[in-house]
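Asker: For reference, the chains in residue letters:
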Amino acid sequence: MKTRYSFGGDEHIFVEVDEEMSLDAFFKSLSMTNAVRDSNIRGVTEICPANASFQIKFDPDEIHPNDMLAELKKLEGAAENAEKRMTTRIIEIPVYYNDPWTHETLMRFRERHQDPNGTDLEYAASINGFDTIEQFIEAHHSNPWFVSMVGFVSGLPFLYQLVERDRQLQVPKYLRPRTDTPKLTVGYGGCFSCIYSVRGAGGYQMFGITPMPIFDPEQKITYLKDFMVFFKPGDIVKWRPIDRAEYDSIVAQVEAGTYEPKIVDVEFDLDAFNKDIDGTNAKLKEALNVG
Amino acid sequence: MSVKVIKPGLLTTVQDLGRPGYFHLGIPIGGAMDRLALRAGNMLVGNDEGAAALEAVFMGPELAFDSDALVAVTGADMPAFVDGQERPGWTSFEVKAGQTLSFGFLKSGARVYIAISGGIDTPPALGSRSTYAIGALGGVDGRAIAEGDSLPLGKGGAGKAGATVAPDLRQGPGSPAELRILPGLYWHRITEEAQKNFFADEWAVAPEADRMGYRFRNGRPLEFVDREQPFGAGSDPSNIVDGCYPYGSVQVPGGTEPIVLHRDAVSGGGYFMIGTVISADMDLIGQLQPHVPVKFVEVDMEAALDARHARAATIDGIRAALT
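Quick note, the sequences are listed as chains Z and B, same order.
Last residue of the first sequence: number 291 in my numbering, and the count goes up by one each step with no gaps.
Last residue of the second sequence: number 1323 in my numbering, and the count goes up by one each step with no gaps.
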C-alpha cells in the first residue's frame, strides 16, 4: 500500500490509501478519518471515508492547504498501527433476486450492456465461472459483506464481500450508464455490491431488489425516525434470499410501520478475520441466528 | 405573506447557501449554483446573505404577491416585469400586494436569482431550505416549485427600493468562458500529450448540464497511460476503485467528455478525475448555457487562492456598498 495525497482544488484533499481494494486499505482509511475527527484540525468542514481512500473538505480561509496537508500526513503513521478492530452491527437484508422490476429495467437498457442477449445475472454468472445463476446468487449471499463506503447519492452503501480475493465476484459496470434504476435495487460493479437508495441513473449490474427502505427523507419509517440514512461505513450485511410472497409481506409490514430489520451487535477484528475467514464468517452468521 | 406560483418556469427551485456536513452520506451541499448572485440579491432586499431565494434556470416563473415586498433579480440577464412594466436587474424594486412578477427571454447567462424581502420560508431539511430533488430534501416537498404552490415568506427587513450592484461587481463568464483548474487527483493517468490537449482545446457545454454536473464536448479524447487495472476498479482505463469526488472535480468517463461536478454533486463513484475547478470559478459554471465555448485554464494552488481572495473582495465590495 502506498498512500498518495492530492489537492482537489483549493478546498479538498484527496487521499488514496491504495489503488486497489482491500480491507487493509479500508481500515487504514477509516483510522485516518477517525484521527482527523479526533484531532479537531481547524478548518475541516467534511470528512468523507471511501473504500480505499478518503477526502477532507476544508476552508482555505481558515488554514492554508499546505498546512492541512502536513496535518493529515502527521496522522498516517499512527493510523497504520491502529488496531484493526471495531464494534459494529450485522444486519440481515432480505433480497428478492431476479425480480420482475429490475428485469423490466435491464431489458429496457439492453443496448447499453455487454451482453444484449442475456440478463445481468446470466452475464455475471458466466464471466465469474458459474454454470447457473442459482450458483452465482448463492455465492452472492452465502458470506457476509462489509459496508466500505456510503455515498454516490442519499445514503447508498457500497459493500465488499468478506472472502479471499480469489473468491471475490467481479463484474464490469454497464458500457453506458442507465438513466433509470428501480429504488432499492441490489447492484454490482467492480468488486462492490450496492443498494440504490433512491430511483435514478446507475451503471451497476442489477441482480435483485430489497423490500427494506434504507433512506427516508420524511423519517416516517420506524427504523429511520432518528436519522434518514440507514447505513454507515463498518456495518456488516448478510443478504437473505426471499421469494415474491415474502417480498410482498415485508413491503406491507414496512407500510404498516411494523417492520423491524434484524440487527445484532458484533465485534470485527481484521487480523482474526485474515487468520480464519470461514471461521469468522461462521461466527458472524451465528450471531444473526442467535440474536 | 406568501407568493403564489402562477407559472413555475422550466425548473425553479428554492435555494440558499446549502447544507454542509452530510457529503459523507451522499447528501451534497447543494444551494445556489451562483453563490455571488444569491448573496447580492439578498443584500439588495435587506435579507441575510444566506436567506432562501428562487433559482430559475433558462426561463423565469410567474409569481403573484399577496403582500407588499421588495424584490431583486440577479445572476443571468433576463428582463423582469411587474404587471408588465420592466424592472432593472441587480436592483431592488417594490412589488405591491396583488401585483405579478414575470420574466422575458433569457439574454445571457443561465440562472436568475429572485430574492424577496423576508426570504422564502419553506421548512428547512438538515439545516437548509435548498432543494435537493434526488434526495427529496428541502424546497417545496423536496421538489421544484409547481403551478399553484404557495411559497411562504419570512418577515421583511430594512431594505430599500432602488439599491443596485455596480456593473463592475456583477461578474459573469466571458466568451469563451474561462474555467481555472488545478490539475491533480488522477492527472497522472493521462499522457503528457493528453494533458496539453486538454488545456489547448476549446470545449463546449453539452446539453447534459444541471445542478449535479456540467458535461463538456468538442475536445480531443484523452489518451491513458497504460497500466494493469487495480483490483476492484473495473476494466475501463477511466475506472478507479470507487472513491470520493470533490466539488468541482473533473471526471472523464471513457476519456471522452469531461464532467465538472457542481453543487448537487454525487459524492463518489468509480471514474478517475484529472483535476478540480477552483472555488472562485464555481459560480461561473452556474451561468453557462449549453453550446457556449469554454476554455480550461491551468493554475497552481497560489493562483487558486489569489482568485479566491479576489472573489471574496468582490463580495466585500457589494456588501460595503449595500449594507
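Note that these hints are calculated values from the structure, not bench results.
Honestly, I wouldn't trust all of these hints.
As the list claims (entries may be wrong) - Sample of chain Z residues at the chain B side, in silico, Cβ under 8 Å:
#1 3
#2 10
#3 51
#4 53
#5 57
#6 65
#7 79
#8 154
#9 172
#10 173
#11 174
#12 200
#13 241
#14 245
What the hints assert, rightly or not - Ranges between beta-carbon positions, derived for each pair:
#15 39/Z - 1107/B: 37 to 43 Å
#16 42/Z - 1081/B: 45 to 51 Å
#17 1221/B - 5/Z: 26 to 32 Å
#18 39/Z - 1108/B: 31 to 37 Å
#19 1104/B - 39/Z: 18 to 24 Å
#20 272/Z - 1206/B: 26 to 32 Å
#21 1/Z - 1123/B: 42 to 48 Å
#22 1157/B - 269/Z: 38 to 44 Å
Think of the CB as a built atom: it goes at the ideal place given N, C-alpha and C, for glycine as much as any other residue.
Asker: Each hint should be assessed against the structure and marked as holding or not.
Answerer: Results for each hint:
1. 3: violated (13 Å)
2. 10: holds (4 Å)
3. 51: Where the cut-off is 8 Å and the nearest Cβ of chain B is about 5 Å from residue 51/Z, the hint holds.
4. 53: holds (4 Å)
5. 57: Interface hint status for residue 57/Z: holds (7 Å vs cutoff 8 Å).
6. 65: holds (6 Å)
7. 79: violated (17 Å)
8. 154: Constraint on residue 154/Z satisfied, holds at 4 Å.
9. 172: Given a least distance of 5 Å, the restraint on residue 172/Z holds.
10. 173: At 6 Å from the nearest chain B Cβ, residue 173/Z passes the 8 Å test, so the hint holds.
11. 174: violated (11 Å)
12. 200: holds (6 Å)
13. 241: With a closest approach of 25 Å, the residue 241/Z hint is violated.
14. 245: violated (30 Å)
15. 39/Z - 1107/B: 37 to 43 Å: Given a distance of about 51 Å, which is not inside 37 to 43 Å, the answer is violated.
16. 42/Z - 1081/B: 45 to 51 Å: With Cβ atoms ~48 Å apart, the hint holds.
17. 1221/B - 5/Z: 26 to 32 Å: holds (28 Å)
18. 39/Z - 1108/B: 31 to 37 Å: Violated: the Cβ-Cβ distance is about 47 Å, outside 31 to 37 Å.
19. 1104/B - 39/Z: 18 to 24 Å: Hint violated: Cβ distance 54 Å, outside 18 to 24 Å.
20. 272/Z - 1206/B: 26 to 32 Å: Violated - the Cβ-Cβ distance for residue 272/Z and residue 1206/B, about 51 Å, lies outside 26 to 32 Å.
21. 1/Z - 1123/B: 42 to 48 Å: At roughly 46 Å between Cβ atoms, residue 1123/B and residue 1/Z fall inside 42 to 48 Å, so the hint holds.
22. 1157/B - 269/Z: 38 to 44 Å: For residue 1157/B and residue 269/Z the Cβ distance comes to about 58 Å; the hint is violated.
In summary, the numbered hints that this structure violates are 1, 7, 11, 13, 14, 15, 18, 19, 20, 22.
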